[in-house]
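Chemist: As a plain string of letters, each chain reads:
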Amino acid sequence: MASNATHRLRRRMLATGHFIGLFLAMTVICLPGLWVILNSFRPTVEIMAKPAIWIPHELNLEHYTAMFGGAGEGGVPVITYFRNSLIISLTSTLIALLIGMAGGYAFARYRFRHKSLIFVALMVTRAVPGIALSLPIFILFGRIGIIDTHFGLILVYVAMNVPFTIWLIDGFFRQVPKELAEAAEIDGCTRWQAFWKVEFPVARAGIASAGIFAFLTSWNEYALASQLTRSVRSKTMPVGLLDFTSQFTLDWGGMCALAVLMIIPAALLTFLVQKHLIAGLTFGGVKG
Amino acid sequence: MALVKLTNVAKRYGSVAVVHAINLDIADGEFVVLVGPSGCGKSTTLRMIAGLEEISGGEIRIGDRVVNDLPPRERNISMVFQNYALYPHMTVRENLGFSLHIAKRPKAEIATAVDAAAEILSLTPLLDRKPGQLSGGQRQRVAMGRAIVRHPEVFLFDEPLSNLDAKLRTQMRVEIKRLHQKVGATVVYVTHDQVEAMTLADRIVIMRDGHIVQIGTPLEVFERPLNTFVGTFIGSPPMNLVAATVRGDSVVLTDGTTLPVPPGHAVQDGQAVELGIRADNMMPEGHAMPPTPHMAYVDMAVSLTEPLGTETLLFASLSGAEVQAKMLNPRPVRAGERMRFGIALDKCHLFDAATGATLRV
Chain A
1 MASNATHRLR RRMLATGHFI GLFLAMTVIC LPGLWVILNS FRPTVEIMAK PAIWIPHELN
61 LEHYTAMFGG AGEGGVPVIT YFRNSLIISL TSTLIALLIG MAGGYAFARY RFRHKSLIFV
121 ALMVTRAVPG IALSLPIFIL FGRIGIIDTH FGLILVYVAM NVPFTIWLID GFFRQVPKEL
181 AEAAEIDGCT RWQAFWKVEF PVARAGIASA GIFAFLTSWN EYALASQLTR SVRSKTMPVG
241 LLDFTSQFTL DWGGMCALAV LMIIPAALLT FLVQKHLIAG LTFGGVKG
Chain B
1001 MALVKLTNVA KRYGSVAVVH AINLDIADGE FVVLVGPSGC GKSTTLRMIA GLEEISGGEI
1061 RIGDRVVNDL PPRERNISMV FQNYALYPHM TVRENLGFSL HIAKRPKAEI ATAVDAAAEI
1121 LSLTPLLDRK PGQLSGGQRQ RVAMGRAIVR HPEVFLFDEP LSNLDAKLRT QMRVEIKRLH
1181 QKVGATVVYV THDQVEAMTL ADRIVIMRDG HIVQIGTPLE VFERPLNTFV GTFIGSPPMN
1241 LVAATVRGDS VVLTDGTTLP VPPGHAVQDG QAVELGIRAD NMMPEGHAMP PTPHMAYVDM
1301 AVSLTEPLGT ETLLFASLSG AEVQAKMLNP RPVRAGERMR FGIALDKCHL FDAATGATLR
1361 V
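So the protein sequences, as listed, match chains A and B. For the first sequence, the numbering used here gives the first residue as 1, with consecutive numbering after it. For the second sequence, the numbering used here gives the first residue as 1001, with consecutive numbering after it.
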């Protein structure tokens, strides 16, 4: 009896400790995000106050109305930036996924010459910091005239994401037993049908998680986009944040408001596919 | 239903030959088992029949068609895989009906066929589950159901029972045999388990190193093995082999024990041979079946016993080789106990020591 009670006590203390630890970690992770959201709703005076004001005295939508307002009232072309971001991110993700699926499938299923060399080469491209490529890319794009276009940015993001999607999707297809496709072929499928009706649905969770990562990379990318976009024709939201800086002032509130608008679609998307995402990332663990 | 005919079928990976020009005729409705140790080419042969593996030479016929270059879907075959290969994202019902769905058959027809197959394999209560929610034996039955739904000409089984526990394996073995009797289709079945081969097959094909070693009915390969490999591979426990030399009409074991040459063998004086004795044909006196006219007797000390209930296996040393003998109506035996064993010579085999080939005529 006594040992039972101590055991229960220890279990409860462990659970509490666990909770506190998680709470601290989550605080560190979430605080900047919460600060951004908070700042987007309160006047600049309060944002700049020293010492910092943690509990807001006043909340309003001023920064949002200003942002959507005319050019003279601190407005920025939010809708246009949002549309640019969406077009560029979605298109580049889709293309990166298609190439990633084809490439990942090939690496997982087929034997060909220099396979491991090609694979390593693809991964090495990830080792080159994107910003180091910005000048060569800028010059090249300048020559062929695709600076400040959707196409230019899509091209860059596809190139950035393809090695990653190939690597991730290769891993997921490796976990799908090849007998599944063989069984499908015997059941009357062509090679192509066997892929789409059996292998693709089974690996879908993994492919979805690869898609999320590719989308978020493109959606949040700033360094290259700031070089390769010039105007509202192609500026994406991260670049648009810079509109809130001028020679002597920084409109922190406006910047936070735009940042919140950036976070919303990304968060929504992550929530929508979260089940897939988790299933995808723990794929190896849950298979019996 | 159809016959399957392999003519000089070979498989090479680069310069490595995995299957060497094998010939095999399988009759309509026949149950043929390919058996052999791992790496003998039996699975590769099956996969070549299925069309999952390209053939490097020869010709495969199913029915009256040469199928060398036909993809699996055009060969009208079904296959049950070792790991079942059930589609994990589909229910049992969808798994069973998948082939008909792909063939764009009407919904009502698919439902009837699926229900019929589920009925045969008692899967009806499981139709709406996913494979992940089934036990090993149930998955196995779904895999078989998926194979029978489309009434193929040939069934291919690739070690279908090796992932099941021993009890379930015995049970499924009977179900497969019953299924074959009911459906009557041609079956090619691959296994490394000689018990499965013996119990299921109309004919057994024993393979080694990419060659067919012997083809025959279970009793033929058991009673007349062509060489020591078949002799020791088929039958449990494996056939005892004892080195000996022919002297006149006797075989002399290395320790000097002399036995008459088993009847029905052609030997030369001085020939080095191996004497093959199955445990069933070497029994201690008083615990054996009635003796045959060709009995010979040896004295051996028992080193180990394996009681199996109705019989006990006795391990002993005969001329330096460890042999197993069978004791019927067993009594307890101490290790080290000396017993007199009767050997039924007319059931024994002589093999050439150099080639391993049988000397039976």
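The hints are simulated quantities; they were obtained by calculation from the structure and are not laboratory data. There may be inaccurate statements among the hints.
As the list claims (entries may be wrong) - Pairs of lysine-lysine residues, derived as BS3-like cross-links and limited to a Cα-Cα distance of at most 27 Å, are as follows:
#1 B/1177 / B/1167
#2 A/178 / B/1104
#3 B/1130 / A/178
As the list claims (entries may be wrong) - Calculated Cβ distances over 12 Å to all of chain A for the following chain B residues:
#4 1012
#5 1018
#6 1074
#7 1081
#8 1168
#9 1266
#10 1338
#11 1356
To be verified - Quick list of the computed label-pair ranges, beta carbon to beta carbon:
#12 B/1170 / A/11: 43 to 49 Å
#13 B/1183 / A/110: 57 to 63 Å
#14 A/178 / B/1106: 54 to 60 Å
#15 B/1360 / A/111: 43 to 49 Å
Glycine included, C-beta positions come from ideal geometry on N, C-alpha and C.
Chemist: Does each hint hold? Answer for all of them.
Modeler: Each hint tested on the structure:
1. For the hint linking residue 1177 of chain B to residue 1167 of chain B, the alpha-carbon distance of about 16 Å falls within 27 Å, and the restraint holds.
2. For the given pair, residue 178 of chain A sits about 24 Å from residue 1104 of chain B by alpha-carbon distance, which is consistent with the 27 Å threshold.
3. Distance restraint check for residue 1130 of chain B and residue 178 of chain A: the Cα-Cα separation of roughly 19 Å lies within the 27 Å cut-off, and the hinted pair is therefore satisfied.
4. Non-interface call for residue 1012 of chain B relative to chain A: holds, since the shortest CB-CB distance, roughly 15 Å, exceeds 12 Å.
5. Non-interface status of residue 1018 of chain B relative to chain A is upheld: no Cβ of that chain comes within 12 Å, the nearest being about 16 Å off.
6. Taking the minimum C-beta to C-beta distance to chain A, about 9 Å, the non-interface status of residue 1074 of chain B is violated against the 12 Å cut.
7. A beta-carbon of chain A comes within 12 Å of the beta-carbon of residue 1081 of chain B; the shortest separation is about 5 Å.
8. Once the 12 Å rule is applied to beta carbons, residue 1168 of chain B is consistent with being away from chain A; the minimum gap is 17 Å.
9. The non-interface label for residue 1266 of chain B is consistent with chain A: the shortest C-beta to C-beta separation is roughly 48 Å, beyond 12 Å.
10. No beta-carbon of chain A comes within 12 Å of the beta-carbon of residue 1338 of chain B; the shortest separation is about 53 Å.
11. Listed as a non-interface residue, residue 1356 of chain B keeps its Cβ farther than 12 Å from every Cβ of chain A; the least gap is roughly 36 Å.
12. In this structure, residue 1170 of chain B and residue 11 of chain A meet the distance hint of 43 to 49 Å, their C-beta atoms being roughly 46 Å apart.
13. Under the hint 57 to 63 Å, the C-beta atoms of residue 1183 of chain B and residue 110 of chain A, about 36 Å apart, miss the expected range.
14. Judged by the Cβ atoms, the range 54 to 60 Å given for residue 178 of chain A and residue 1106 of chain B is violated: they are separated by roughly 32 Å.
15. The hint said 43 to 49 Å for the Cβ distance between residue 1360 of chain B and residue 111 of chain A, and at roughly 46 Å that hint holds.
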